Each structure stands twice: as C-alpha cells, then as structure tokens.
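Spelled out from the first residue to the last, the chains are:
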Amino acid sequence: MSEQNQVPFKGTEVQEKQLQEVIAKHRGQPGGLMPTLQEAQGIYGYLPIEVQRMIADGLGVSLSEVFGVATFYSQFSLTPKGEHVCSVCLGTACYVKGSDKVLEALEQKLGIKAGEVTADGKFSIESCRCVGACGLAPVMTIGEEVYGKLTPDQISGIIDSYMNEKGGE
Amino acid sequence: MTFEELTQIRKKNSDLIKVRKLIASEAAEMAEKTEYRKQILVCGGTGCTSSGSKKIIDALDNELKAQGIENEILVVRTGCFGLCSLGPIVIVYPEGTFYAQVTPEGVVRIVDEHLKKGEVCKDLLYKETLHEDGSITPLAETNFYKKQKRIALRNCGVIDPENIEEYIGTRGYEALYKVLDSMTPDEVCQEVLDSGIRGRGGAGFPTGRKWMFTKDAPGDVKYVACNADEGDPGAFMDRSILEGDPHAIIEAMTIASYAVGAHQGYVYVRAEYPVAVHRLQVALDQAREYGFLGKDIFGKGHDFDIEIRLGAGAFVCGEETALLTSIEGNRGEPRPRPPFPAVKGLFGKPTLLNNVETYANIAQIIRKGASWYSSMGTETSKGTKVFALGGKITNVGLVEIPMGTTLREIIEEIGGGIPNGKKFKAAQTGGPSGGCIPAKYIDTPIDYESLAKLGSMMGSGGLIVMDEDNCMVDVSKFYLEFTVDESCGKCTPCRVGTRKLHQLLDKISKGKATMDDLDLIDQLANHMKSSSLCALGQSAPNPVLSTIKQFRDEYEAHIKEGCCPAGVCKELLQYEIIADKCKGCTLCARNCPVKAIEGTVRNPHVIDKSKCIKCGVCISNCKFGAVVRK
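If you read the protein sequences in the order shown, they are chains H and D. Count along the first sequence from 1, add 401, and you get the number used in our numbering. Count along the second sequence from 1, add 103, and you get the number used in our numbering.
Please keep in mind that the hints were generated in silico from the structure rather than gathered at the bench. Be aware that one or more of the hints could be misleading.
[As the list claims (entries may be wrong)] Partial list, computed: chain H residues near chain D (C-beta under 8 Å):
| # | residue |
| --- | --- |
| 1 | 439 |
| 2 | 443 |
| 3 | 506 |
[As the list claims (entries may be wrong)] Once the Cα atoms are required to be at most 16 Å apart in a straight line, the calculated EDC-like pairs of lysine to aspartate or glutamate come out as:
| # | chain 1 | residue 1 | chain 2 | residue 2 |
| --- | --- | --- | --- | --- |
| 4 | D | 525 | D | 571 |
| 5 | D | 698 | H | 566 |
| 6 | D | 717 | H | 554 |
| 7 | D | 717 | H | 505 |
Model, not experiment: these values are computed from the prediction. Each residue gets a CB set at the ideal place from its N, CA and C atoms; glycine is no exception.
Please work from the sequences and hints to get the whole structure.
Here it is as structure tokens:
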C-alpha cells in the first residue's frame, strides 16, 4: 500500500463523471463489480485507492471487497503504467523459443524490472502469459503493436525507435 | 424467423461457401453459378492480425477498386486457417491457391496478375504447394490439411465470422430449429450422450451426462455457461473458434439451454482476447436481430439470451467453480465439490458449464446424429480434438485430428517436423497440469486414456514440441513458476506446496541439490495431489513428476555432475571465446546487450564473466564458431 501512495491521484472531474455513469449502469446487477472495475481501469488507466473507494460507495459494497477483487486479478493494476507498455510473452510456446532472454534484454535496456515503470514514466515492462500469437514466438507487444520472431539483440533498436519518435514530437 | 426464411438465406449463401470447400475442378463450376468470379480470403485471426493482415485487407480493397474489378471479386475476412507461422495468409478460390507471408506489395501483384489476368504469382505461394514441374497443390491437399478432420474448426478460415448469413449458408441454426421443433429435452441430452463426446476443457467428463444432471437438478432458474477462459499458456484453440465461428457457440448454448431448461447464458472469456470478444459481441447482436436469441425463438416458445463476462487474467478461473465465483463478481477462488455446478452453480442455481470446443461440436452432432460422431475416434474417446501446435515445430498452428491419431503423424506429417535439423525430444500436453511425452512414445495414439497412462493428460489442447536444446528441469521449473504465480492462495497444499516445489527445482537447476531432494519432491507432490482443493493444485506437480519419470538421467546429471546436458540452466554454464578462432571482428562485442565483451579490432576478445548474463547473443552472432558454451 505504501508504494501506491507515492503517486498522487490526478483524476479529473470528467473522469469522475464517466465513472459515476459506469457505476450507475452496474449498480444492482448480479456480479457487476468486475465489469465496473474493468471499465474504471479503462477510464483512469489504473485503479488507485480513491477510485476503489468511489466504486465501493457507489455499488454499496465494502472497500475491502473491492480491494480484494482488484488485487486478485492480474489485469487490474493499482499503480499507473508507462506511456508505452512493453509486454513480453512468457507463455510456453514463447518460452521454449527463448522469450526469457528477450525479457532480460528489455530489462537491461530500460534499466527496470518487469512490473516497474521508468522514472520518466515513458516505459513500463510486464510479462504476460500468451497473447495467442504463438506462430510468431517469441512475441512482445508495445501498446497495440506486436513484435514477433524476436531475438534479444533486436530489442535495443525497437526501444530506440520509440524514444526517437517521442523526441521528434 | 421461420424455417422457410432460414432455408432461403441458406440457399442464397451456400453456393458461395461451397466454392471454398469443394475440390478445385468442381469449385470452378460452382463459382460460375455465383455472382463472383473469384473469392479472396484473408485470415483475420489474432496470429495473422499480429503479422499485419489488416494492412493486407486495406491494400486489397484499394487495388481492386483501382483495377475496377471490385464487383467481380468477393473479399472475405475469415478466422484462423491454422497455419499461423505463415501469416498473413491469403487464399484465392475456386483454385484454392495458397499465398503465405503476404505483404501489401504482394497484394498489388496478386490482384493485377492473378485476379485480373489469371496468372498465379508462383513466387508468392506457400512453397509446399508449388512443385518443380510448375503444378500447384490446392490448400486442402497439402500435408498440413490432408490428415486433419475439421469438425470443431469446420468454419474457421472458411466463412466470414461477422456475417451471420454465411454461417446460415453452412446449415447454421438448423440444428437449433430441429431441437426446438421436434425433440424433447430428454432426447437432446440422450443424443449428446450417445455421441460419446467428452469435455474438451481437459478433464474429459462425458458431456451428455453433465447435461442430464443439470436438466434433472431441481430448480426454476438455471444457467448455461461457456468456459472461454483459455489459461494454458501456448494454447489458442478456443480463441480461434470464437474468432472464426462464434455462431457455432451461440447455437450450441441455445440448444443446451433448451435441453436443461435455462433462459440465461454467460460466456466467460479472457480479456486478453480482444478480437474474439469483438467477434462474439457482433455475433450476439446479429443472432438477436435474426431471432435466434431472445423471446420465443423460432416461434416455439423458448426464451434464451447470452451475456459476455470478461475474465481479468487469473488462470484459476478456468476451473469451473472458480469461474462461476468470478462471474458472480468475486475473487475467483474455487469452491469445494460436491455440490457440483450442475446442482448448485452460478448464484447458487443449477448451471451447465462446457468448454468452447465442446460446444463447437454440438450443432453438428444434433444435425448429423450421434452415430455419425461416435464413428470417429477410439473406443473411449470419440470424435476429434483440436490442438494448438507450438514450440519447435515447422508448422506452428491449429490442427484438428481424429482421436487415435499418433503423435508421429501430428509432428512429422501435419507439423512438418522439427526445424533446423534438430532432434525431437518431447511433446508437452496439458500445459501446467500435464506432462511431457518423450520421443520413444511418438507412436502413441492420442486419446484421453493413453495420455494419462504416460503421466500426461489431454488437457485443453496445447501441444508444445521440444527439441534437444530444451532442458526438462528448466521446463518443469517454468511451469511451477507459473502455478506459483497463479495459485489463488485459498488452500495451503497448493499455496505453499507449489512454492516449495519450485524452490526444490531451483536448487536442482543451480546444481545445489542432492538425490534426497528428488524423494522430497515425490513426497510433496503426492501430498499436493491428494489434498489440494481444486484441479490447479492437484495437477500442479504433474509437469515435475512426468519429467522425473521420463527424463530421470537429466535430473541426475544436474544433481550428481553439476551439468545441464541441454545447455540451458545458466548457473551451470559458462561462455568463453576461443582465442585461436577469434578473428577480432568485434561483432560479438557490439551486439552484447550488457557490454561484457572486451577486445580491440583484429585481436582476440574476452568475455567478462562477472558481467555476462549468458543470453547467447554472442554465439548466434559469431561467424567463426569462436564462442563456446560449457
């Protein structure tokens, strides 16, 4: 809990209005907490404690229940992610083709570990279990873009292309 | 919707679809009856989309317009063809010409040369279909497809999944009509039972029995649910079916709802599958619009509708009770069984839960009869099974084979063998709950019983091929890492057991274990099997036990000799440059991700072992064979 408190909550009124609409839609629906959390994460990008509290109040469930569900599923994040989310597939098909070495090269390049965000907030690394593109193993996704048939030495160039693109803007 | 209306829509579309299914000569005749001279199919599954099939479709539309032939050619975006490693895939009918790894530039040529002038672009073909004498094998006659029997996948790569009329063109929703019009719920359950189909999610429970239990369970409110939370990393059968043929699932669930007496259904699907979720949503909307979902379906008085629920990345939610708990909006923790979901499931009501692939067979069983289905397969395992073929295999992709096909046929004939001249070592089935089948059992026929006898399991259908470069200790460690991550923590044998098991494997992979540790693993594994709450914990030791049983010498090499025969376990490896062979080209030093290689041009280089992360980039870059792994 202490880690996430370091990131100040910067929700806007527009976001809160959207959230209240989502809550109103799912209030009273059996099993409505998960869809609410999913849509809330779509609005804010993550689920800070402030948002969880609003959901708990809105749906009429306890905060501990909301927190319990939010921390159970790996899709939900309690901390903000980087601008570019780099996700390396560690599913079996990718793993036997060496995706662990791709992840290592990525961690080396960005100087952070999986689950962390770079200090400037530009990149974060995740490992995931199978994006279903096993024909392209090993696979990494950055945002919506899919990079397949990777070798560790390609990583540096790929990340540079994102850094340059950002610098050029 | 009446049956007459359904038949009319079918007639309107069936010729178009037959062009894609018949052999080339008959297909050409059929094509003349349709309004399109040629049809061009582009794979829009996740695999091909990841390799850029969207750009292909855009380029195709533009070029057809530019050439002014957009009214003669039908463009169809389909689901997965199965050969994912060759994506993006484009197929032209009636010839059945198979273009692989197509680029936007290639599309321009296909439109100009093939579609307009009638000359096949031979250099763009999938090479297996082109022969030395210039003749071309149609798609359906390639080794990859010939041995397959496509039932669950029959429409994948054939129809446009976002067009309900194409599904109707393949006799879609006729089974639903048959059931509502002329069968009692008891007859439906009996038909499914007689077909001999068993749950395709992994455990293999007879599907018909499950339907009967749910039907007979007392209660006014019942539910039908579909498990599309495909958690086995490296398996993508369910995703491909949802992407390629979503209406088959909707039709089957509606049939099931009539059989068990339910009016509400849920599909629980992984949020990581955005394409599948989208196609399913489109299909649900269309099914409602055409009256296959909703009130008074076909005017026969049965009501049913389906809602999508997204999973949120928890492997345990593939377990049936955990899945239902998750749909209820809670932490996806399993519940003790009994009571089984058929008696007390979703929201405490009787619930029928089947896997995607199981449902994909149902409509055809109803339409063609139980005896048709049970004529395929082996004594105890009827029908076909879909496998996601992955790992060290030439044709990575999706295959459907009759039960009883041998592993050798799948790997050598359909899969095209092991690439790079390497030797086949083992096939892993059943994912984190299954085990490894060593090369010596390659002639084993695949069915539920024979896989179980070898210490593996059918599982949901992941089939990962491994070659001599894969270390079995490392592979079991990989699976245990996964189950440690995914254990929900509710019961102690699983929560603590997986972690302890992982620690023991870690010790072995670092050369720090003793032979006593192997006995300890055995004891611990048996405790976990007998006392864990759900299948996740009960089956978590399987990858370890099966590899110890089949590859004991490899474990012993790690323990007794401190070496990893496959050259994978890092702590037991060292990289060195042989000074005599090194020409000082600097290639390795430039590519080393951690700058651990030092040396000047034309002088032998040296690896700083304290910095080396043992990634192997230097070995793959060296043109002189100067880098060695010890």
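Going through the hints against the structure:
no.: 1; hint: 439; in the structure: holds, 6 Å
no.: 2; hint: 443; in the structure: violated, 11 Å
no.: 3; hint: 506; in the structure: holds, 5 Å
no.: 4; hint: D:525 to D:571; in the structure: holds, 7 Å
no.: 5; hint: D:698 to H:566; in the structure: violated, 25 Å
no.: 6; hint: D:717 to H:554; in the structure: holds, 13 Å
no.: 7; hint: D:717 to H:505; in the structure: holds, 10 Å
The earlier numbered hints that this structure contradicts are 2, 5.
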